[in-house]
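Asker: Listed here are the chains, written in short residue letters.
2 protein chains.
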Amino acid sequence: MTETVSRRITLASRPHGLPKPENFQISDVELPRVADGEVLIRTIYLTLDPYMRGMMEDAESYDDPIPLGGVIVGSTVSEVVESRDPSLAPGDIVESYVGWQSHAVVPAAHLRRIDPNLAPITTALGVLGMPGLTAYHGLLKVGLPRSGETVFVSAASGAVGATVGQIARIKGCRVVGCAGSDEKVAYCLDDCGFDACINYKTCGDFEAALREACSDGIDVNFENVGGPISRAVMMQLNEHARMAVCGTISNYNATDAEMVPDNLWWFIVRRIRVEGLLVTDFAEHDEAARAELASWIEDGRMIYRETIVDGFDNAPVAFNRLFEGSNFGKLIVAVGDDPTKG
Amino acid sequence: MTETVSRRITLASRPHGLPKPENFQISDVELPRVADGEVLIRTIYLTLDPYMRGMMEDAESYDDPIPLGGVIVGSTVSEVVESRDPSLAPGDIVESYVGWQSHAVVPAAHLRRIDPNLAPITTALGVLGMPGLTAYHGLLKVGLPRSGETVFVSAASGAVGATVGQIARIKGCRVVGCAGSDEKVAYCLDDCGFDACINYKTCGDFEAALREACSDGIDVNFENVGGPISRAVMMQLNEHARMAVCGTISNYNATDAEMVPDNLWWFIVRRIRVEGLLVTDFAEHDEAARAELASWIEDGRMIYRETIVDGFDNAPVAFNRLFEGSNFGKLIVAVGDDPTKG
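As you go down the protein sequences, you meet chains A and B in turn.
Heads up, the first sequence is in my numbering, so the first residue is 1 and it goes up one at a time.
Heads up, the second sequence is in my numbering, so the first residue is 343 and it goes up one at a time.
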């Protein structure tokens, strides 16, 4: 492929339930010339995140839905191929939000330069990118954990969950999670330093397992999944507990609204505070957060795990791994050569 | 009745749905002698509040349930008849928490002396008592309204709701409420200074009426009722809105858990913060709050409305008015002579 053509994946039709191949279309399009202030970038890595599923729905959300025929949104790590802006030069590595396409011409102002010496450049999509910042801001600014408290996080081995758990541990909290395989549970316990982690698929009575793992109750719930796990956690929250609502992945492919008992009364009983969080609300604190996360990685207090899928055209199939429980760690698609690798 | 006998109403059986006369028992019991540090008090006024219904259930709540055979809980305004504590003298007017009984012997330390010159002594059960303090702390410390924002309050003509609306107006907010009769709506609009008030029983499409009344959306919801009204309000909350959960009266007599759509996702879309509130958490600020409320009443910026039902034995029947919509303003039972009245 020449660098005047971009391969892109667009939304052919809106998924009903789990996305199917026919919901996506792959095509090659001519790129425009690079104008003043713009750069041509080549995608090296593309991230796959659960929030993208919500944007495929034609429903009100925190952002406009992807239009039919529009490129699937998302961040990339890309290399500058041609620049008509003094701030960037060919060979620079940048983070973009151009979505599922192999190349793009974009204003230089829309890009964030990445320092490849700080950490592997894939981390700009994971622990040092949106998922890591979501964990950092969401736990520390919405969850407000205090040393000695019990923090619970669902989807605990995921890109967000594992970071939440490790930050909570660094802050002196007792950390309990849940995940969907013994391998993921072992990762949380042995590699991330969780105090307890429940395999919710094999534990039997989840409420009983949760009560045993959180014998002092739960002070902070970092909510990633929604559904029955969320409700069990909510009933075991301590007085004045905080619940940071980051995601409700169990519902993202639901075709009917899930009906649950009205539990507003419980908010009073325990004086619970529940707050939705969106990482972009905290953008002014991103640089400081990224620096602190990088320092924890540098001194060995924080680890991360990534799963790299090869081949741009595999993005739609790989995407569903996020909802089927078969993905482990930050899911990334390798689209083009990584110049930072020997 | 001599003052060595107390007439009391106890819980004979737990109500299923709306309480019935047979759930209560009225009896006369001998009082103990007054020991050192104690006083004998005579009930002048008894308050009836919705929260008492929750305490008749054998379910976990923020306080222990009333045991079978136990006196129904609640505050009274009482007169000291005999005192064996230097802090109180016969004739003093006090607020107690002795519940539904005509007389009681209690430690002086459990009583709060009321200044009859500050305001009518009934206000110690209403605008200057638990309901007024709930409105004050709940709106200002949990709802956190800013001048120019839209505040919505359900059960708007009630003891809590009308106070919430007037405080919001004093703080420069646009105030919208809902109530269940044209008379209550007129009270909110004409007497309490609400900007809009919806009769939810006659308005037809409540969501549409709410959208029209709150054309800039809702920034603070002071939740008193739960159920369908609460959900309609939640869907019209603005980004970063706050919801202070004070009560869910629509559910208090429900015999099955009401099932509602799981709307945790909506917390993220609008970054809503929902927090349960209990007035006793703010006790250290009660004196300052009561002084400010009294000053607003004094300078005419705040009004209140009370409904007095005569006769101790009528308390159980009067209690149900709280749930049937037939009560208007703070519901109080007159039990004995009010010495502050000509």
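Hints are supplied without guarantee of correctness; some may be wrong.
Quick look at which bits of chain B chain A covers, simulated, 3 or more residues with Cβ under 8 angstroms [claimed, not checked]:
hint: 1; segment: 399 to 408
hint: 2; segment: 563 to 572
hint: 3; segment: 588 to 596
hint: 4; segment: 624 to 630
hint: 5; segment: 667 to 676
Chain B side only, calculated, beta carbon under 10 angstroms to chain A, not exhaustive [claimed, not checked]:
hint: 6; residue: V484
hint: 7; residue: N580
hint: 8; residue: E581
hint: 9; residue: A599
hint: 10; residue: E600
hint: 11; residue: G642
Estimated spans, in silico, between C-beta atoms of each pair [said to hold, decoys possible]:
hint: 12; chain 1: B; residue 1: G653; chain 2: A; residue 2: E258; range: 20 to 30 angstroms
hint: 13; chain 1: B; residue 1: K362; chain 2: A; residue 2: S326; range: 38 to 48 angstroms
hint: 14; chain 1: A; residue 1: R146; chain 2: B; residue 2: A451; range: 42 to 52 angstroms
hint: 15; chain 1: A; residue 1: D58; chain 2: B; residue 2: C545; range: 52 to 62 angstroms
Hints are computed from structural coordinates only; laboratory data are not their basis.
We treat Cβ as the ideally placed atom computed from N, Cα and C, and that holds for glycine.
Asker: Now look at each hint and say whether the structure bears it out.
Answerer: For each hint, the structure was consulted:
Counting residues of the segment 399 to 408 of chain B whose C-beta lies closer than 8 angstroms to any C-beta of chain A gives 3; at least three are required, and the coverage claim holds. Given a C-beta distance limit of less than 8 angstroms, the hint that chain A covers the segment 563 to 572 of chain B holds, as 4 residues qualify and 3 suffice. For the segment 588 to 596 of chain B, the stated coverage by chain A is satisfied: 4 residues place a CB nearer than 8 angstroms to a CB of that chain, which reaches the threshold of 3. Check result for the segment 624 to 630 of chain B against chain A: violated, 0 residues qualifying (beta carbon to beta carbon below 8 angstroms, three or more required).
A count of 0 residues in the segment 667 to 676 of chain B with a Cβ less than 8 angstroms from any Cβ of chain A is obtained; the coverage claim is therefore unmet, three being the minimum. With a cut of 10 angstroms, the hint placing V484(B) at the interface with chain A holds, because the nearest CB-to-CB distance is about 9 angstroms. A cut of 10 angstroms between beta carbons decides the hint on N580(B): the least distance to chain A is about 12 angstroms, and the hint is violated. Against a cut-off of 10 angstroms between C-beta atoms, the interface hint on E581(B) holds, since the closest Cβ of chain A lies about 8 angstroms away.
Interface hint status for A599(B): upheld, as the beta-carbon distance to the closest one in chain A is roughly 4 angstroms, under 10 angstroms. With its C-beta approaching chain A no nearer than about 4 angstroms, E600(B) sits inside the 10 angstroms limit, and its interface hint holds. With 10 angstroms as the threshold, the beta carbon of G642(B) stays out of range of chain A, its nearest partner Cβ sitting at about 33 angstroms, so the hint is violated. The hinted window of 20 to 30 angstroms between G653(B) and E258(A) is violated, with their beta carbons roughly 49 angstroms apart.
The supplied range of 38 to 48 angstroms is broken by K362(B) and S326(A), whose beta-carbon atoms lie about 56 angstroms from each other. The given range of 42 to 52 angstroms is broken by R146(A) and A451(B), whose C-beta atoms sit roughly 33 angstroms from each other. Distance hint check: the CB atoms of D58(A) and C545(B) are about 29 angstroms apart, inconsistent with the given range 52 to 62 angstroms.
Figure legend: structure checked against the earlier numbered hints; hints not met, in rising order: 4, 5, 7, 11, 12, 13, 14, 15.
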